[in-house]
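There are 2 protein chains.
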Amino acid sequence: MMKRTLLAVLAASALTSPLAAQRAAALATAADAKVAALRDKALTDDTAYKIVEGITTEVGPRMTGTEAAPRARAWSVAKLKALGFKNVRVETYQLPVWSRGTESGDLVAPYAQKLHLVGLGNSGATPAGGLTLPIVYFATYNDLALAADGSLKGKIAFVSNAMQPTQDGSSYGSQGTARFVGPNVAAKKGAAAIVIRSIGTDHGRGPHAGNTNFDAGVTPIPAAALSVADAEHVERLVKLGKPVTLKLVLEDKQVGMRDSGNVVAEVPGTDPKAGIVLVGGHLDSWDLGTGAIDDASGVAITAAAAKIVMDSGQRPRRTIRVVWFGDEESGGFGGAAYAKAHAGERHATAAESDFGADRVWRFESSLPDAAKPVVDRLAVVLAPLGIIRGAGTPHGGTDVGPTIATGVAGIDLNQSGLRYFDYHHTPEDTLDRIDPEQLRQNVAAWTAMIATVANAPEEIGPIVLEK
Amino acid sequence: MMKRTLLAVLAASALTSPLAAQRAAALATAADAKVAALRDKALTDDTAYKIVEGITTEVGPRMTGTEAAPRARAWSVAKLKALGFKNVRVETYQLPVWSRGTESGDLVAPYAQKLHLVGLGNSGATPAGGLTLPIVYFATYNDLALAADGSLKGKIAFVSNAMQPTQDGSSYGSQGTARFVGPNVAAKKGAAAIVIRSIGTDHGRGPHAGNTNFDAGVTPIPAAALSVADAEHVERLVKLGKPVTLKLVLEDKQVGMRDSGNVVAEVPGTDPKAGIVLVGGHLDSWDLGTGAIDDASGVAITAAAAKIVMDSGQRPRRTIRVVWFGDEESGGFGGAAYAKAHAGERHATAAESDFGADRVWRFESSLPDAAKPVVDRLAVVLAPLGIIRGAGTPHGGTDVGPTIATGVAGIDLNQSGLRYFDYHHTPEDTLDRIDPEQLRQNVAAWTAMIATVANAPEEIGPIVLEK
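Protein sequences, first through last, are from chains B and C. Under the UniProt record's numbering, residues 1 to 467 are what the first sequence spells out, in order. Under the UniProt record's numbering, residues 1 to 467 are what the second sequence spells out, in order.
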């Protein structure tokens, strides 16, 4: 009876759920034995780990505008050539550079204590000698947005946020508003400065760096993120009902336009008209950690997977292009420069890895209907890795987003984000956060995806964009 | 059959194992209903959490020699008076003070990168402008001890260590030698400086502070601890086989003798001749965190437990003396000063809490044989909290150790140390590391212990010391 009930449920769901129907179709597709073999080879390959180890150990933090950024590009060119890729090159562009100076934060009243904070990218500077002012507390970004114009004059806005881990990382988008737009809004309302609770899911002392942006015509104010533990400390003082005064020193500044570059490497295909399979991650990192999960792992995973396909003995139909984007953190300049420079080329798909190195649990794609069999085969070859077929739209990401926006199909291989925001943009983003076993699962997923898409006999895209 | 086998095993073990026999005896002792009621009351009491929250929020880090140290004593006197204790006072003594100045560490070769480190207590200073020298790598303290005299001239000794978490904290004693005596040994062998891997079980960027000591006649050298993640980074470079050069800046110094003090509070007993029940923890902390687990929790647990006994409506037979020792971290000066000042008084027992706030899992005691029924009753009343009776000798600790050394019986309530050394002496030792549920279990254990010992009709000690 148990069995009969279960079958009845399955039959009913197959009839009513598009997802179940989709899955049933995928299961009816035969796996490509060659692709499956490459996928399984990747599960014992340590190329990706060695790349992450190399970048974090031999280069370290590589923030835009620092001396380490060109050093990282030189390291990357040498590495990609050594791995056997063709047409390895740096594609240069310019971008505006913001620079971090001396930064500190101190509780002055009601009880003196040193705070752990970091200036947000594009923060304004405090006056000489720092800035000592009372705070106005906002539990969320929404509360700040509701504050009356001018009410923050002579004050430091303090914006908290409650961020919980989510597997798909969606809490970053919603809770991140405190950082993304909080400083701009506070500046418009007359605040002298803004301090936010770090956008993170840990409870540690390492603050989370990250970019913010001010509208044209708005003078940037000093903007910093307290570590989560320090923010909770300030909140306890607020709850005591006593006025809280902070001293901030942020000697940050804009230093003007500078050269940067994307590192490009290729596995040339046999059919130049079939379109390029674009994969990659970003080479730059924030300065507090060594950028292991953000995003040495992404450049490593995509290059290691492309290398396994390259070394398979069979030249792919489509050119596989691996791009280590030069500047993601400071405002997506690498991805924008790539899209502009390659606007005339046909791309079949674009995909990036920029969410750490934990296990891929889902994939999503926007391939046109004519290429649906490609997606079905992808679902079959990814399933043994525990990866499910999502029903949503791929996110794309900051690096390949501008290319996808031109009508290129996107593919997401979604990694688990359950611990990503414990370390994201903090001093704790170091090599030891990488789980080699999960990293190899990533490489296997990317190998299967690249092999499937690059060799697909079907036409892929361009897709028609909704206006 | 299963049952018969089990009974046979139990019978055999009862006959052969002293521990099982001891336990059987304990189980035959009736629990004291009044003590059990106080114990269970403690499981819903939040006095201890409020003390930890108060010290960490309103005082913060309170390292010996800083302005926060007298502020912590003033806070404590006010708090202990407010809780209703009698004879609340500061007992003043003097101690030598070491002061932390500007500190930094940089990898200079083979690849430049900033390191996270902290100077060890009693570290010498680097010359003006810092010190840039190659390192000599030692995997353990033992390897350093085997180095030839003079072989470290013009070098920085780098001593690693592999520390695993242990429930009883014993890995601190063994692996801690790199910090406790490594600098002294390196100085004697001619090293210009020493850097150790932090004595910790985490993999983070927060370095672990802590004291070291140099023999009389040995000139202190600069001595620092790298965070575990940074130490692992240096070890990867060592494995690459390339010479590693560090730049160290440690502007630390001895500042001479200063006043300090132990904060003392009492629940006066009815029988002055029965001896004092001494309990406490230490008020000072290292400067990187706010000293929540080390040792605001210890002073909080012991005071909260003493208060529950005080508020029971029945004055105890023995005086309960709560001491918040002023200086433990800098060399045990608080405990030594207490033992000296109170050498003429009879103490029944001495016990301290200085191992965080995680669950108590075992107790050990050195009460004389005549007082064995007290220990049996203690075992019975602690058992419902999941606490087992240990067969070893109590450790005592730095604060009550000098008192125990005069022939006073010690009692240990051993807390789980499985995560203690993730945070110990780091910036991460903050309020959020305290689990309120486990903290209350501690208070319940201490309440049961204090109530049992303070009201015991048996004579307790002094014990005869082995010469």
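A hint or two may mislead.
To be verified - Straight-line Cα separation of at most 27 Å, DSS-like style, residue types lysine-lysine; simulated pairs:
id, chain 1, residue 1, chain 2, residue 2
1, C, 34, B, 114
2, C, 155, B, 242
3, B, 242, C, 189
To be verified - Negatives, chain B to chain C, calculated, CB over 12 Å:
id, residue
4, 56
5, 233
6, 458
To be verified - Computed, partial: chain B to chain C, Cβ under 8 Å:
id, residue
7, 43
8, 46
9, 49
10, 106
11, 109
12, 113
13, 116
14, 140
15, 206
16, 241
17, 430
Just so you know, these hints were derived from the structure itself, not from any lab. In this text, all values refer to a predicted model and were calculated from it rather than measured experimentally. Positions of the beta carbon are idealized from the N, C-alpha and C atoms, including for glycine.
### Message
Restraint: residue 140 of chain B near chain C, CB-CB cut 8 Å. Satisfied or not?
### Response
With a minimum Cβ separation of about 20 Å from chain C (threshold 8 Å), the hint on residue 140 of chain B is violated.
### Message
Given the hinted pair residue 242 of chain B and residue 189 of chain C, is their Cα-Cα distance within 27 Å?
### Response
violated, 55 Å
### Message
Given a cut of 8 Å on the nearest C-beta pair, is the interface hint for residue 241 of chain B held or broken against chain C?
### Response
violated, 13 Å
### Query
Regarding the hint that residue 109 of chain B lies at the interface with chain C, is the smallest CB-CB distance below 8 Å?
violated, 12 Å
### Message
Less than 8 Å between beta-carbons is the criterion; does residue 206 of chain B satisfy it with respect to chain C?
### Response
Given a least distance of 6 Å, the restraint on residue 206 of chain B holds.
### Query
Do the numbers back the hint for residue 46 of chain B, that is, is its least Cβ distance to chain C under 8 Å?
Violated - the Cβ of residue 46 of chain B stays beyond 8 Å from chain C, reaching only about 15 Å at its closest.
### Query
Given the hinted pair residue 155 of chain C and residue 242 of chain B, is their alpha-carbon gap at most 27 Å?
Since the Cα atoms of residue 155 of chain C and residue 242 of chain B sit roughly 52 Å apart, the hinted pair is violated (cutoff 27 Å).
### Task
Over 12 Å to the closest beta carbon of chain C is the bar; see if residue 458 of chain B clears it.
With a cut-off of 12 Å, residue 458 of chain B remains clear of chain C, as the shortest Cβ separation is near 45 Å.
### Query
Holds or violated: is the Cβ of residue 56 of chain B farther than 12 Å from all Cβ atoms of chain C?
Non-interface label on residue 56 of chain B violated, nearest chain C Cβ at 8 Å vs cutoff 12 Å.
### Query
Hint check: is the beta carbon of residue 49 of chain B less than 8 Å from a beta carbon of chain C?
violated, 12 Å
### Task
Find the nearest Cβ of chain C to the Cβ of residue 233 of chain B and say whether that gap is larger than 12 Å.
violated, 6 Å
### Task
So, residue 430 of chain B near chain C? Judge it on the closest CB pair being under 8 Å.
holds, 5 Å
Comparing the model with each earlier hint shows violations of hints 1, 2, 3, 4, 5, 7, 8, 9, 10, 11, 14, 16; every other hint is respected.
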